[in-house]
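Colleague: Spelled out, the chains give:
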Amino acid sequence: MVKMTDLPTKGGFSFDLCRRNEMLLKNGLQMPPFRKTGTTIVGLVFQDGVVLGADTRATEGPIVADKNCEKIHFMSPNIYCCGAGTAADTEAVTDMVSSQLQLHRYATGRESRVVTALTLLKSHLFNYQGHVSAALVLGGVDVTGPHLHTVYPHGSTDTLPFATMGSGSLAAMSVFESKYKEGLTREEGIEIVAEAICAGIFNDLGSGSNVDVCVITKGKTEYLRNYQLPNPRTYISSKGYTFVKGQTEVLSTKITQIQHKVETVEGGDAMEE
Amino acid sequence: MGDSQYSFSLTTFSPSGKLVQIEHALMAVGSGQTSLGIKAANGVVVATEKKLPSILVDETSVQKIQSVTPNIGVVYSGMGPDSRVLVRKCRKQAQQYFRLYKEPIPVTQLVRETAAVMQEFTQSGGVRPFGVSLLIAGYDDNGPQLYQVDPSGSYFSWKASAMGKNVSNAKTFLEKRYTEDMELEDAIHTAILTLKEGFEGQISGKNIEIGIITADCKFRVLSSSEIDDYLAEVE
Chain A
1 MVKMTDLPTK GGFSFDLCRR NEMLLKNGLQ MPPFRKTGTT IVGLVFQDGV
51 VLGADTRATE GPIVADKNCE KIHFMSPNIY CCGAGTAADT EAVTDMVSSQ
101 LQLHRYATGR ESRVVTALTL LKSHLFNYQG HVSAALVLGG VDVTGPHLHT
151 VYPHGSTDTL PFATMGSGSL AAMSVFESKY KEGLTREEGI EIVAEAICAG
201 IFNDLGSGSN VDVCVITKGK TEYLRNYQLP NPRTYISSKG YTFVKGQTEV
251 LSTKITQIQH KVETVEGGDA MEE
Chain B
1 MGDSQYSFSL TTFSPSGKLV QIEHALMAVG SGQTSLGIKA ANGVVVATEK
51 KLPSILVDET SVQKIQSVTP NIGVVYSGMG PDSRVLVRKC RKQAQQYFRL
101 YKEPIPVTQL VRETAAVMQE FTQSGGVRPF GVSLLIAGYD DNGPQLYQVD
151 PSGSYFSWKA SAMGKNVSNA KTFLEKRYTE DMELEDAIHT AILTLKEGFE
201 GQISGKNIEI GIITADCKFR VLSSSEIDDY LAEVE
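Residue numbers (the UniProt record's numbering), protein chains in the order written: chain A, 1 to 273; chain B, 1 to 235.
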């Protein structure tokens, strides 16, 4: 049967399994931990637009899963979004809203506005009651001017002149609170953002590696991937990593012969053609 | 939809093996305003008449040629509202393809999916076939391409094609004028001349619409002043 109209998808969180989960927890089950990005992401508004910044470390518990991942996601040519929280959630939700913004642009024939992206994100996250673990810093410049917002996993948002999110947010915020002022120039803005991210990289274990910066102004966006590389690899051994045969000391030897298991089949049927 | 009195399909076979509703849909297309497309060596051009029902209509608010992705555009002949529905579905399908494969949708895939939608409406209950034929023009890794999709859901790749009121004259004209190694600029001139053939009244940038894809894979609709420049060149 053909759907006559595109019915709105029956979204929202299905609470069916929650009682089962509660029962399992009572019986002593350990919930598996989520894989988080453990991040420092920041944004600030300067005189001509917004600057977004992010570190590039993705963690799986105590292990660094990706030393140079991209946390600044494309939403539209004039809007970018930094994501903290569960990496899959931030990727999926920003991809989905980017797609919706593109369709909206075709329908209206206009440049996307930051509040549109904001509303699409917050409605989706609220529908999922915080189970989509995406904490975002959304920034961009549209016809109404430069905008910067933070979006929390439960769906609440703030509109701010400067913002930080992620496990390194306190380290980054300390830099912003002492150095931010209104009417910053582009160079000053980028410098403060890079400093804030570095504060996160060096003082928070969940953040590390390099600094990514994105500068959005009216009519122009510059994505400065790996703007700073404050953690170069300096520990390469000059001797190299090949090892001569016999270098490893043999402590003991035990040889077990393989015992072949022989099976005799009596009078089996011939294979059918 | 299942239990209503009209849940049978309106496109049922006639004794001679035809689907009469589709034939009628093609008649609706045939009485629509002429549109055409030409595939050049380095791009594609599509053009259509934009005859408005009255001089009081604000012609800047009417856009018959639409873009579906940055490198694919669509023009129609037939019922405007039907084409809007199809364009909307096309855009959504292109986005879904991109979300899934992280690759811009190839032109052939988009044509196939659009044709599948149009075919669905010929084999379902309570719906009627679309009263439009679409010309889908695109430029991807396989070069410039031009496809025509009919209300039945059949699609063909064309070097040059026309649809609507003046289809037979336009096609004869195109057959004479088309060359394999035509450049995009020549194709635009040929398109304008073909439209001029059957045009009633004074042709100008305000009553025709032209869309082009150039070798940089960008589809765009020409402004009326650009069309006036081309018209001056053609004179």
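Watch out, some of these pointers could steer you wrong.
[Said to hold, decoys possible] The following residues of chain B were derived to be distant from chain A, with all beta-carbon distances above 12 Å: (1) C90; (2) S224; (3) E226.
[Said to hold, decoys possible] When the alpha-carbon atoms are kept at most 30 Å apart in a straight line, the in silico DSS-like pairs for lysine-lysine are as follows: (4) K92(B) x K122(A); (5) K218(A) x K18(B); (6) K220(A) x K102(B); (7) K92(B) x K220(A); (8) K89(B) x K122(A); (9) K176(B) x K218(A); (10) K176(B) x K220(A).
[Said to hold, decoys possible] Facing chain B, from chain A, some residues (calculated, C-beta under 10 Å): (11) L224; (12) N226; (13) L229; (14) P230.
Think of the hints as simulated: they come from the structure by calculation, not from any bench. This one's a predicted model, so the numbers in the text were calculated from it and none came from an experiment. Ideal placement from N, C-alpha and C gives every residue a C-beta, glycine not left out.
Colleague: Going back to the hint list, which numbers does this structure go against?
Modeller: Numbers 1, 5, 9, 10, 11, 12, 13, 14 - these are the hints that the structure violates, sorted from lowest upward.
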